Structure formats: C-alpha cells, structure tokens
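Q: Each chain, written out:
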Amino acid sequence: MSLPSWLAKRLGEAVIVLIGLSIVLFCITRILPGDPARIALGPRVDEAAIQALRKQMNLDKPLITQYFLWMKGLLTGDLGISLLSRRPVVTDIKEYFPSTLEMIILAVIVQFVGGLGLGLLSAKYVDTWLDGIVRIFAYLGIATPAFVWGILLILIFGYWLPILPISGRLTEGLVPPAHITGMYTWDSLLHGQLGLFWDSLKHLILPGFALAMGVMAQAARIFRSSIVDDMEADHVYAMRAYGVPENRILTKYLGRLALIPAISVMSLDAGSQFANAFIVESVFNFPGLSRLGMQAILNKDLNAMGGILMLIGGIFVLIIILSDVIVAYLDPRTRLQQSG
Amino acid sequence: MKTFNRAMDSTGNAIYKFSRNKVSVVGFFMVLLVVVVAIFAPVLAPYPKSAGALIDFDNASKAPSLTHLFGTDIEGRDILSRVMFAFRGALVMGLGVIAMIVPLGVLVGLFAGYYYGTFIDTIIMRVTDIFVTLPALLLALAVASLGRPSLFHSMMAVAFAWWPYYARLTYSQTSSIRNETFIKASETIGAGKRHIMFAEILPNCLAPIFTKMALEIGWVILMGATLSFVGLGEQPPTAALGTMVSDGAQYLPAQWWISVFPALAIAFIVLGFNLLGDGIKNMVSTEVL
Numbered sequence: 000m001s002l003p004s005w006l007a008k009r010l011g012e013a014v015i016v017l018i019g020l021s022i023v024l025f026c027i028t029r030i031l032p033g034d035p036a037r038i039a040l041g042p043r044v045d046e047a048a049i050q051a052l053r054k055q056m057n058l059d060k061p062l063i064t065q066y067f068l069w070m071k072g073l074l075t076g077d078l079g080i081s082l083l084s085r086r087p088v089v090t091d092i093k094e095y096f097p098s099t100l101e102m103i104i105l106a107v108i109v110q111f112v113g114g115l116g117l118g119l120l121s122a123k124y125v126d127t128w129l130d131g132i133v134r135i136f137a138y139l140g141i142a143t144p145a146f147v148w149g150i151l152l153i154l155i156f157g158y159w160l161p162i163l164p165i166s167g168r169l170t171e172g173l174v175p176p177a178h179i180t181g182m183y184t185w186d187s188l189l190h191g192q193l194g195l196f197w198d199s200l201k202h203l204i205l206p207g208f209a210l211a212m213g214v215m216a217q218a219a220r221i222f223r224s225s226i227v228d229d230m231e232a233d234h235v236y237a238m239r240a241y242g243v244p245e246n247r248i249l250t251k252y253l254g255r256l257a258l259i260p261a262i263s264v265m266s267l268d269a270g271s272q273f274a275n276a277f278i279v280e281s282v283f284n285f286p287g288l289s290r291l292g293m294q295a296i297l298n299k300d301l302n303a304m305g306g307i308l309m310l311i312g313g314i315f316v317l318i319i320i321l322s323d324v325i326v327a328y329l330d331p332r333t334r335l336q337q338s339g
Numbered sequence: 000m001k002t003f004n005r006a007m008d009s010t011g012n013a014i015y016k017f018s019r020n021k022v023s024v025v026g027f028f029m030v031l032l033v034v035v036v037a038i039f040a041p042v043l044a045p046y047p048k049s050a051g052a053l054i055d056f057d058n059a060s061k062a063p064s065l066t067h068l069f070g071t072d073i074e075g076r077d078i079l080s081r082v083m084f085a086f087r088g089a090l091v092m093g094l095g096v097i098a099m100i101v102p103l104g105v106l107v108g109l110f111a112g113y114y115y116g117t118f119i120d121t122i123i124m125r126v127t128d129i130f131v132t133l134p135a136l137l138l139a140l141a142v143a144s145l146g147r148p149s150l151f152h153s154m155m156a157v158a159f160a161w162w163p164y165y166a167r168l169t170y171s172q173t174s175s176i177r178n179e180t181f182i183k184a185s186e187t188i189g190a191g192k193r194h195i196m197f198a199e200i201l202p203n204c205l206a207p208i209f210t211k212m213a214l215e216i217g218w219v220i221l222m223g224a225t226l227s228f229v230g231l232g233e234q235p236p237t238a239a240l241g242t243m244v245s246d247g248a249q250y251l252p253a254q255w256w257i258s259v260f261p262a263l264a265i266a267f268i269v270l271g272f273n274l275l276g277d278g279i280k281n282m283v284s285t286e287v288l
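Chains F and W supply the protein sequences, listed in that same order.
Residues 0 to 339 in numbering that gives the first Met the number 0 are what the first sequence lists, from first letter to last.
Residues 0 to 288 in numbering that gives the first Met the number 0 are what the second sequence lists, from first letter to last.
Hints listed in this document are in silico derivations from the structure and should not be mistaken for laboratory results.
Being a predicted model, the structure only gives us computed values, none of them experimental.
One thing to keep in mind: the hints can contain errors.
[Said to hold, decoys possible] One-sided excerpt, in silico: chain F residues whose CB lies under 10 Å from chain W:
id, residue
1, L58
2, P61
3, I179
4, G313
[Unchecked claim] Once the Cα atoms are required to be at most 27 Å apart in a straight line, the calculated DSS-like pairs of lysine-lysine come out as:
id, chain 1, residue 1, chain 2, residue 2
5, W, K21, W, K211
6, F, K123, W, K21
7, W, K192, W, K280
8, F, K299, F, K93
9, F, K54, F, K71
10, W, K192, F, K123
Just so you know, even glycine gets a beta-carbon here, dropped at the ideal spot from N, CA and C.
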C-alpha cells in the first residue's frame with residue numbers, strides 16, 4: 000500500500016474515532032452532570048433565569064438534536080459560550096493556546112534532545128558509573144509525577160538558587176511583544192527584542208522541564224535499552240572488524256534503529272503530557288490552555304470543558320498519525336508490511 | 000496443580016529468578032514496606048491522631064526534628080503519621096482500581112478477540128480506540144469532577160479511563176492465539192465457546208496481563224495522587240498524599256517539609272511498584288518463549 004492511500008486510511012479511521020470521542024464527551028458534558036444550566040448558574044438563582052439559560056444552551060431540545068447542534072458548532076468553530084468567563088470558548092482558547100504551545104515545544108525539544116542524548120551517553124558508557132547515574136535518574140524520573148517535579152524545581156531554582164522565575168510568562172512590568180503568533184518567545188525574536196525573548200524564555204524553562212522530565216527519563220531508558228540490546232549483535236561485530244569507528248556505529252546504525260521505539264513511546268506519552276500540562280500550568284501559575292481547561296473541569300464549565308477536551312483529542316490523534324508516518328519512514332518494514 | 004501456563008511452570012524456579020535481580024528485590028521490599036505501613040498505620044504512626052482533624056497550634060509548623068521526623072503542618076499535625084495513613088488510600092486506589100478493570104477489560108478483550116474479524120470485534124475495538132484517544136488523566140479528571148469528590152468517585156473515574164487498555168492487550172493476545180492449531184483442534188472435538196475462551200485461550204494470555212498489572216499499580220496510584228492534588232480525591236481531614244502536596248505548596252519555601260515529604264512518598268510508592276513490576280516482567284517473560 001503506498002503512502003498516500005495508507006495516510007488516507009489512517010485519517011479516515013481518525014475521523015471515526017473523533018466522532019466517537021465527540022459522543023463520549025457529549026455524554027460527559029451534557030448527560031452525566033444533571034442539569035448543566037443549574038450547575039452553571041448556581042443554586043440560588045430563580046427558575047426563570049435557569050429556563051432562559053436552558054433555552055440558550057439548547058437544552059430543551061431532544062438529545063439527538065442537541066448532539067448535532069453541538070457537532071455543527073464544532074465544525075464551524077463555534078464551541079458555545081464559556082459558562083465561566085461568559086466569552087465564546089473559541090476566544091478563550093485562541094487567547095491561551097499560544098502560551099501552552101510554546102511551553103510544550105520547549106518540553107518536546109528538551110525531552111527529545113535530553114532523552115536521546117542521555118540514552119546514547121548511557122549506552123556508550125554502558126556499565127560504568129555514568130550509565131548507573133543515568134539509569135537511576137531514569138527510574139526516578141518515571142516514578143515522579145510532573146507536579147512533584149514542578150514543586151522540586153520551584154524549590155531548587157526559585158528559592159534556594161534563585162535564578163529562574165517561577166510564575167507567569169513575563170516579569171512584572173514588561174510589555175509583551177506585538178501579537179504575531181501569540182507566542183512571546185517567537186514574537187519577541189521576530190521583533191528583534193532580544194531582552195524580551197530571553198525573559199519569556201526564562202519563564203518557560205521551569206514549567207517546560209517539569210513537563211519534560213518524565214518523558215525524558217522514559218525515552219532515555221528505552222533508547223538505551225534498544226541500543227544495548229543490539230550492541231553485541233553480529234552485524235555490529237562485523238562493522239567493528241572492518242574498522243568503523245564506534246561513534247558512527249552508535250549514532251548512524253544502532254541509534255537510527257533505536258529511534259523507532261523511542262519515538263513511538265514519546266508520541267504516546269504526548270497525550271499524557273497534555274494532561275500533565277494541566278497540572279504543571281496550575282503549579283506555575285502559567286496562563287495557558289491547560290490551566291484554562293483545568294479550571295473548566297473543576298468549575299464544571301461544561302462548554303469550555305467539551306471544547307478543550309475535543310481539541311486535545313484531535314491534536315493527540317494527529318500526533319499519533321504523525322509519529323506513525325515518521326516510524327514508517329524510519330523503518331521500511333512497517334511500510335512494506337502494509338502491502339502484505 | 001495444572002501447569003498449563005508455561006510462565007508459572009515452577010514457583011520455586013520463578014522465585015529464584017526474581018531474587019537474582021537485585022533491583023526487583025529492592026522494589027519488592029519497598030512495596031512490602033508500603034503495605035505493612037498502610038495496614039499497621041494506627042500502630043506504627045507516632046501520632047495516630049494526626050491522621051484526622053487535629054488542631055495543635057503549639058506544635059504547628061515545626062521543622063523536621065527528632066520528635067517529628069517529617070515535621071508538622073500548620074495545624075500541628077505530624078506529617079510522618081499523616082503520610083503513613085495516606086498510604087492506605089493510595090493502596091486502596093491502586094489495588095481497587097486494578098481489581099475492577101482487569102476482570103472487565105480482560106473479559107471484553109477475550110470476547111472481542113475470540114470473535115476476531117467479525118462485527119462484534121470491530122465495535123468493541125472502536126470503542127476502546129475512542130478511550131485511548133483521550134489521555135487517561137484528562138478523562139479521569141473530567142469524570143471525577145462530575146460527582147461529589149471522594150475516594151470512590153476518583154476510583155470510578157480512573158477505572159473508567161483505564162479499562163480499555165486491558166481490553167486491547169487481551170484482544171491482541173487472544174486474536175493471535177485464536178487461530179492456533181490447538182484451538183482449532185478443541186473446536187473440532189466439540190469444545191464449547193466458554194471452555195475455549197476460559198480454559199484454552201485465557202491461560203496463555205495471563206503472562207502479559209500480570210506484567211501489565213504489576214507495572215501499572217504504580218501508575219494508578221500516581222493518577223490517584225494527581226487527582227487528589229487537584230482536590231478530587233479523599234476530602235480533608237483524611238490524609239491523602241496529593242492533597243498534602245498541594246496544601247503545602249503555598250508554604251514553600253519556608254515550610255518546605257509540608258509538601259516535600261508527601262511528594263517524596265508518592266515517588267517512593269510509584270518507584271517501588273515500578274521496580275517490582277519490572278522484576279515480575281523479567282520473571283515472567285524469560286519463562287515464556
């Protein structure tokens with residue numbers, strides 16, 4: 000099966016899954032909690048106001064109609080009004096998405112470089128003290144939840160060695176750069192405001208690291224074990240006998256093969272990263288999409304909750320497909336299997 | 000004892016293999032410590048009353064010392080005792096959720112795998128696909144927020160988010176075993192579907208399921224701690240590790256011990272189960288082909 004038709008098939012499956020997800024989310028946000036209008040307005044409002052809100056939220060129509068109205072809204076970009084901020088959910092999302100995006104980009108870079116780098120180092124010096132340290136770090140990193148990393152990082156770098164800021168996106172009093180993408184780091188770079196760039200980057204470091212630690216440890220571990228498993232293989236001995244330098248064996252041959260499980264793991268963990276971002280943003284008081292989503296969930300802001308979770312589900316599906324494409328590129332066997 | 004499961008061929012052999020791996024033995028003892036502390040918390044804790052609603056401002060916010068190894072919180076409760084009692088909730092969450100989702104997930108997966116290639120299979124697998132699409136933590140958060148926060152609700156939420164993974168694992172095992180010769184032979188001589196599913200297929204799936212279970216108790220506890228960090232688990236004054244971390248976060252850095260010790264306790268439990276699970280995985284997988 001060639002790449003385009005394989006891709007089309009995956010996308011088709013993805014659409015079906017997303018539809019199913021929308022049904023599940025619809026149930027969670029409309030059916031399970033009882034009366035959404037009453038929840039939104041609180042217990043002390045009179046009946047007339049509740050009825051008015053019910054009409055506005057289309058709650059008086061049959062469930063199937065409600066579902067289709069919601070889906071139509073989803074597809075046209077109207078996710079309803081947030082019950083908390085009284086603004087359209089889409090506006091809220093557009094406002095807060097860039098900050099989460101830049102934090103996640105930093106986290107992805109860190110975990111990619113850090114995880115693969117550590118794994119490679121550990122495999123090269125296998126069974127030495129360096130390997131031991133990396134392995135211990137990997138175990139600890141996996142076992143420690145993101146919010147614990149957040150608190151530890153706050154303690155260490157915010158208080159004991161106060162070199163990094165621990166909340167918000169910019170230091171008090173600084174004016175954010177003019178809006179191009181909404182991401183302070185990129186915008187300030189594009190405007191040439193290097194001081195601003197450095198400041199916003201500093202604010203991203205701690206949350207980004209807290210988010211990246213767990214996945215970095217996981218990736219390091221898997222990368223290392225894949226390489227170590229192969230290091231005594233026949234073809235590697237042959238290469239050494241031919242005089243191929245050890246470093247090239249590690250990076251070009253073993254590394255490329257070991258990338259496959261590492262990337263699969265990282266993409267699967269991307270989903271849990273989105274979830275962990277919810278907690279990390281709350282710990283660091285970082286005004287991002289995840290914190291918005293967290294508040295939506297805790298305050299039962301059903302419109303926002305449904306919209307944000309749907310968005311995250313969609314992004315996750317895309318990430319999985321993307322990583323499958325990358326894996327298919329890296330490992331021709333998966334591509335050839337499809338035609339079997 | 001009927002040893003149809005090749006993995007558990009000889010218990011003595013398995014224990015020997017397990018004990019060879021030092022790291023897993025460490026994990027085993029860590030978990031043992033957690034379990035013992037949880038069960039005997041009222042006896043072992045130096046200040047058992049601290050686990051509930053205690054106000055003792057004379058002793059409030061004391062740094063770790065010989066009398067209070069983990070210090071005290073702002074209400075004067077001993078943190079070490081609270082952590083010990085919090086182990087109970089954590090274990091209940093971990094074991095309870097696993098006990099719920101494994102039978103359910105395995106049954107569903109077995110069923111779907113047995114009817115591989117048919118309509119039933121497709122429907123069941125699409126349903127699990129949907130659950131897998133959304134990160135488990137988010138699903139659990141969303142569901143847990145719907146009811147009144149309590150340990151039971153958070154357990155239900157985590158179970159709701161987690162069962163599909165067991166179904167998928169069992170499904171992939173079942174569907175690959177399903178077409179083996181010995182299954183076809185059983186069908187030929189007239190064995191009923193129930194017999195085939197439970198007496199022929201299931202025992203050969205058990206190894207990866209056990210491994211997954213052992214490895215995942217830690218993650219379930221982690222998820223429980225995350226939920227209680229946000230306030231969706233056991234409510235005060237019951238001691239819960241996540242809640243203790245979030246309550247103490249506002250007192251950083253001055254009274255750092257209020258947050259740090261429960262946080263370390265979480266990492267300790269999860270690490271213990273992870274190491275134990277790794278050991279079980281090695282033990283089980285080296286026996287099977």
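Q: Confirm or reject each hint.
A: Right, here's what the structure says about each hint:
| no. | hint | result |
| --- | --- | --- |
| 1 | L58 | 17 Å, violated |
| 2 | P61 | 22 Å, violated |
| 3 | I179 | 30 Å, violated |
| 4 | G313 | 9 Å, holds |
| 5 | K21(W) with K211(W) | 20 Å, holds |
| 6 | K123(F) with K21(W) | 23 Å, holds |
| 7 | K192(W) with K280(W) | 30 Å, violated |
| 8 | K299(F) with K93(F) | 20 Å, holds |
| 9 | K54(F) with K71(F) | 17 Å, holds |
| 10 | K192(W) with K123(F) | 52 Å, violated |
In the structure shown, a violation is registered for the earlier hints numbered 1, 2, 3, 7 and 10, in ascending order.
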